[in-house]
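S.K.: Could you build the full structure based on these sequences and the hints that come with them?
Chains as they are written, first to last, in this note's numbering: chain A, 6 to 93; chain B, 55 to 392.
Everything labelled a hint here was simulated from the structure, so no lab data went into it. Errors might be hidden in some of the hints.
What the hints assert, rightly or not - With a Cα cut of at most 30 Å, we get these calculated BS3-like pairs of lysine-lysine: (1) Lys44(A) with Lys282(B); (2) Lys21(A) with Lys282(B); (3) Lys119(B) with Lys33(A).
Unchecked claim - Partner residues aside, some chain A positions facing chain B, computed with beta carbon under 7 Å: (4) Phe16; (5) Thr17; (6) Gly18; (7) His50; (8) Arg52; (9) Asp53; (10) Gly54; (11) Pro78; (12) Arg82; (13) Thr86; (14) Asp87.
Beta carbons are placed, not taken as given, at the ideal position from N, Cα and C, and that holds for glycine.
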Amino acid sequence: MKYQINIEGGFTGIPKQFEGEVKLDKNKEREMLDAVAEKREDHSHLRDGFTYTVKFTGDDGVYESQFGESNLPSSIRSFITDIQKSNG
Amino acid sequence: MCTKAHCFIIPPYLLEKLAKHGNNSCKRALNDSARIVERRRSSLNNLLLRNEAEGNGDRFIYDSKNQFEQRLELVRKEGQDAIEDESVNKAYDTSGFVRKYFQETFGLNSIDGNGLDIISNVHYGEAYNNAYWDGDEMTYGDGDGREFTDFASAIDVVAHELVHGVTQFFANLEYQSQPGALNEHFSDVFGTVIKQKYLEQDISEADWLIGDSVVTEEFPGVAIRSMKAPGTANDFDTQPDHMDNYYNGMGDNQGVHINSGIPNKAFYLSCLEIGIDDCALIWFETLKSLWRTADFNDMVETLVSTAQQLISENRISENAVEAISNSFSQVGLTPIVV
Ligand SMILES: [Zn+2]
Numbered sequence: 006m007k008y009q010i011n012i013e014g015g016f017t018g019i020p021k022q023f024e025g026e027v028k029l030d031k032n033k034e035r036e037m038l039d040a041v042a043e044k045r046e047d048h049s050h051l052r053d054g055f056t057y058t059v060k061f062t063g064d065d066g067v068y069e070s071q072f073g074e075s076n077l078p079s080s081i082r083s084f085i086t087d088i089q090k091s092n093g
Numbered sequence: 055m056c057t058k059a060h061c062f063i064i065p066p067y068l069l070e071k072l073a074k075h076g077n078n079s080c081k082r083a084l085n086d087s088a089r090i091v092e093r094r095r096s097s098l099n100n101l102l103l104r105n106e107a108e109g110n111g112d113r114f115i116y117d118s119k120n121q122f123e124q125r126l127e128l129v130r131k132e133g134q135d136a137i138e139d140e141s142v143n144k145a146y147d148t149s150g151f152v153r154k155y156f157q158e159t160f161g162l163n164s165i166d167g168n169g170l171d172i173i174s175n176v177h178y179g180e181a182y183n184n185a186y187w188d189g190d191e192m193t194y195g196d197g198d199g200r201e202f203t204d205f206a207s208a209i210d211v212v213a214h215e216l217v218h219g220v221t222q223f224f225a226n227l228e229y230q231s232q233p234g235a236l237n238e239h240f241s242d243v244f245g246t247v248i249k250q251k252y253l254e255q256d257i258s259e260a261d262w263l264i265g266d267s268v269v270t271e272e273f274p275g276v277a278i279r280s281m282k283a284p285g286t287a288n289d290f291d292t293q294p295d296h297m298d299n300y301y302n303g304m305g306d307n308q309g310v311h312i313n314s315g316i317p318n319k320a321f322y323l324s325c326l327e328i329g330i331d332d333c334a335l336i337w338f339e340t341l342k343s344l345w346r347t348a349d350f351n352d353m354v355e356t357l358v359s360t361a362q363q364l365i366s367e368n369r370i371s372e373n374a375v376e377a378i379s380n381s382f383s384q385v386g387l388t389p390i391v392v
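M.R.: As structure tokens, then:
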């Protein structure tokens with residue numbers, strides 16, 4: 006699965022971008038793609054929260070969505086944390 | 055005359071126009087009605103998670119234990135002794151300092167003027183390079199250790215986040231474009247004012263940097279932002295210090311952390327002219343008169359009228375209007391003074 010993640014905003018206001026490809030088992034990949042497709046309500050009083058623009062390209066197409074700090078699915082949050090750690 | 059009851063049935067765009075023309079009861083109604091709608095919505099969302107009881111401005115520090123969870127474990131509350139964890143103690147002490155500043159300087163009871171409890175979450179997430187205000191409480195990451203360190207330990211970061219609360223309760227500036235940049239501006243203004251008080255500095259000793267203590271030596275810069283020289287704090291710093299370089303893009307909620315450099319610079323210049331305490335008073339009183347959609351020109355207009363009022367009450371120096379006008383003219387926002 007290819008990924009492109011843009012993180013912007015936050016207290017620092019410094020944007021970060023991560024791009025690459027990971028090999029996930031089929032169930033895990035489905036879980037990630039479904040998580041991007043599901044839209045949940047954001048919290049409008051968030052100040053200095055990050056904005057996460059997440060784009061996944063799987064076998065069956067491109068999935069893209071934007072999340073805030075309060076509605077980022079936990080599976081995507083841990084995926085991003087792992088990506089950030091491996092980019093360190 | 056616009057009473058609060060009438061104002062609730064007037065469409066928001068009309069309330070905004072009336073607020074813009076100085077009708078404070080409309081301004082209050084506009085902010086209150088938006089706040090009530092928002093609070094009702096978030097109360098429903100958080101019904102099972104949050105206890106919305108009124109507080110006494112007490113401090114509560116929670117440890118997120120490096121998980122992405124708020125209010126995971128309460129580790130210190132108002133009046134309790136320090137514990138071993140220095141992030142917890144720092145968040146406790148600095149949030150207390152911010153509360154004391156607003157209480158002693160402006161007579162404000164906590165950040166909402168009504169004794170709201172001050173809740174902080176420390177050690178949030180893993181390598182989380184951020185601090186935020188979520189409408190109810192603060193949340194701080196430890197930083198990744200490579201570029202950033204503990205956000206909860208920095209007085210200016212803590213003050214910045216708490217002042218997002220003050221702004222929410224007193225002006226409710228929306229978080230995009232110019233109102234959003236003003237929202238960020240007020241947080242940086244009181245972040246820097248409170249940092250100078252905390253460090254017992256005067257304006258000539260101060261560095262006017264925001265977030266200098268949360269960046270590591272490896273970070274390519276000295277801080278996150280500079281009020282004195284916007285755009286120079288680090289290699290990624292794109293803050294303009296003049297309207298000629300205004301950011302028109304869509305990123306960062308249309309540049310809320312970027313265009314705040316313009317009023318930030320004007321605040322710094324104003325402080326050089328009339329001192330930081332007069333400026334803090336003018337800015338605080340101005341914040342109380344602003345409204346959700348106020349833009350840079352509204353801000354300058356309101357600063358001038360607020361300063362005129364405070365001069366007439368002998369509460370600030372007589373050249374304040376001139377100082378503010380000159381400072382904003384230097385960043386490309388010349389006010390019309392009547
Ligand atoms: Zn902020």
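S.K.: Now tell me if each hint is right for this structure.
M.R.: Cross-check of the supplied hints:
1. Lys44(A) with Lys282(B): violated, 41 Å
2. Lys21(A) with Lys282(B): It holds: about 26 Å lies between the C-alpha atoms, which stays within 30 Å.
3. Lys119(B) with Lys33(A): Holds - the C-alpha atoms of lysine 33(A) and lysine 119(B) are around 26 Å apart, at most 30 Å.
4. Phe16: Interface hint status for phenylalanine 16(A): holds (5 Å vs cutoff 7 Å).
5. Thr17: Given a least distance of 5 Å, the restraint on threonine 17(A) holds.
6. Gly18: holds, 3 Å
7. His50: Cβ of histidine 50(A) sits 3 Å from chain B, so the hint holds.
8. Arg52: With Cβ-Cβ at 4 Å, under 7 Å, it holds.
9. Asp53: holds, 4 Å
10. Gly54: Check passed: Cβ of glycine 54(A) comes within 5 Å of chain B, closer than 7 Å.
11. Pro78: violated, 11 Å
12. Arg82: At about 6 Å, which falls below the 7 Å cut-off, the nearest Cβ of chain B leaves the hint on arginine 82(A) intact, so it holds.
13. Thr86: Since chain B brings a Cβ to about 5 Å from threonine 86(A), closer than 7 Å, the hint holds.
14. Asp87: violated, 9 Å
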